[in-house]
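Turn these sequences into a full structure, and let the hints steer you where they fit.
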Amino acid sequence: MILLNRLNCLIYMIMNYFKLIVIFITFIFATLKVNAQCTFNGVLSVSSDDSICSGDNYNLFATGGLSYSWSPANLLSNPNISFPTTTPTQTTTFYVTAFDAAGCSTFDSVEIYVHTLPQAYAGEDTSICPGSSLQLNASGGIDYTWIVTDNLSNFLIFNPLATPSDTIEYIVNVKDSNNCSNNDTVVVNVFKNASANAGFNVSICANESYLLEASGGVSYQWEPSDFVNHPNSSSALAFPDDDMNFHVAVTDSNGCTDTDTVQILVFKINASEDTTLCRGDSVQFDVLGDP
Numbered sequence: 032m033i034l035l036n037r038l039n040c041l042i043y044m045i046m047n048y049f050k051l052i053v054i055f056i057t058f059i060f061a062t063l064k065v066n067a068q069c070t071f072n073g074v075l076s077v078s079s080d081d082s083i084c085s086g087d088n089y090n091l092f093a094t095g096g097l098s099y100s101w102s103p104a105n106l107l108s109n110p111n112i113s114f115p116t117t118t119p120t121q122t123t124t125f126y127v128t129a130f131d132a133a134g135c136s137t138f139d140s141v142e143i144y145v146h147t148l149p150q151a152y153a154g155e156d157t158s159i160c161p162g163s164s165l166q167l168n169a170s171g172g173i174d175y176t177w178i179v180t181d182n183l184s185n186f187l188i189f190n191p192l193a194t195p196s197d198t199i200e201y202i203v204n205v206k207d208s209n210n211c212s213n214n215d216t217v218v219v220n221v222f223k224n225a226s227a228n229a230g231f232n233v234s235i236c237a238n239e240s241y242l243l244e245a246s247g248g249v250s251y252q253w254e255p256s257d258f259v260n261h262p263n264s265s266s267a268l269a270f271p272d273d274d275m276n277f278h279v280a281v282t283d284s285n286g287c288t289d290t291d292t293v294q295i296l297v298f299k300i301n302a303s304e305d306t307t308l309c310r311g312d313s314v315q316f317d318v319l320g321d322p
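Residue numbers (the working numbering): 32 to 322.
Simulated from the structure, these hints should not be mistaken for laboratory data. Possibly wrong hints are sitting among the right ones.
Ranges of calculated distance between the beta carbons of each label pair, as one might list FRET restraints [as the list claims (entries may be wrong)]: (1) ASP274 <-> VAL218: 34 to 42 Å; (2) GLY162 <-> GLU200: 14 to 22 Å; (3) SER140 <-> THR180: 44 to 52 Å; (4) ASN109 <-> GLY73: 16 to 24 Å; (5) PHE114 <-> GLY162: 55 to 63 Å; (6) ASP139 <-> SER82: 12 to 20 Å; (7) VAL74 <-> ASP181: 53 to 61 Å.
Since the model is a prediction, treat every value here as computed from it, not as a measurement. Ideal placement from N, C-alpha and C gives every residue a C-beta, glycine not left out.
Here is the structure:
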């Protein structure tokens, strides 16, 4: 008898357990059915698909809901607002779920295509001599703007002529067909002036030579070359037949050139013309020379 009572109790407990399971399952299915029939009350509007340049910010937007959930959340300033900001580094599709006051939802997506920046190139760094010009040559796009405009012939072309007076860094902004832009720089170093020295002005006697001595460089060129024995030497003998200026062009180790001049004054003596006179007569002779 006791065994039968225990068996009845066990059967009763099992039946109650299964009833609870059935009630729980029925509740779940009822809940799913209600949620499946939940319709979003409103019209969700989102940003149109768009494109930006790498590094640019973009403002997404969604309207028509009470609250929002955007993804991927790590690329957004705030994934739970209507107008989040993003700075994607590559083309990305953003998804937004909008909720109404009843908690019903709908979703949409927007793709933001990211253009790579142009490969701006301003040219290799270079050096020039003072007073010289250099043609810059940028590449990488279709529109060019030189941001530093000092001593440029035209700052809106890719290859302006530069004539800087001092070392300078030129910056060029290069824009491509997608309206994306990038910068590059080129340094133009201006050498110091060469310093030619032809020596001091001198005076010599007629028919004498004079040793010219120049300094300030690594190569030399004397003019007029017909009156010196070695016109391409720093030291050269000059044979002036009258007062003359000798010019020397001096080139330094940077290839820059400077000039200097030395004046050679030739002292000449001029006597009176030959004459004939009788014995006992006198005559005055004039001897003239350079002062």
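Taking the beta carbons of ASN109 and GLY73, is their distance inside 16 to 24 Å?
holds, 21 Å
Indicate whether the distance between the beta carbons of ASP274 and VAL218 respects the range 34 to 42 Å.
violated, 48 Å
Beta-carbon spacing of ASP139 to SER82 - inside the hinted bounds 12 to 20 Å or not:
holds, 18 Å
Given a hint of 44 to 52 Å, does the C-beta separation of SER140 and THR180 actually sit inside it?
Hint holds: Cβ distance 46 Å, inside 44 to 52 Å.
Kindly confirm whether 53 to 61 Å is satisfied by the beta carbon distance between VAL74 and ASP181.
holds, 57 Å
Check the following: the C-beta atoms of GLY162 and GLU200 are separated by a distance inside 14 to 22 Å.
holds, 20 Å
Taking 55 to 63 Å as the stated bounds, is the beta-carbon spacing between PHE114 and GLY162 within them?
holds, 58 Å
In terms of the numbered hints stated before, the structure departs from hint 1 and from no other.
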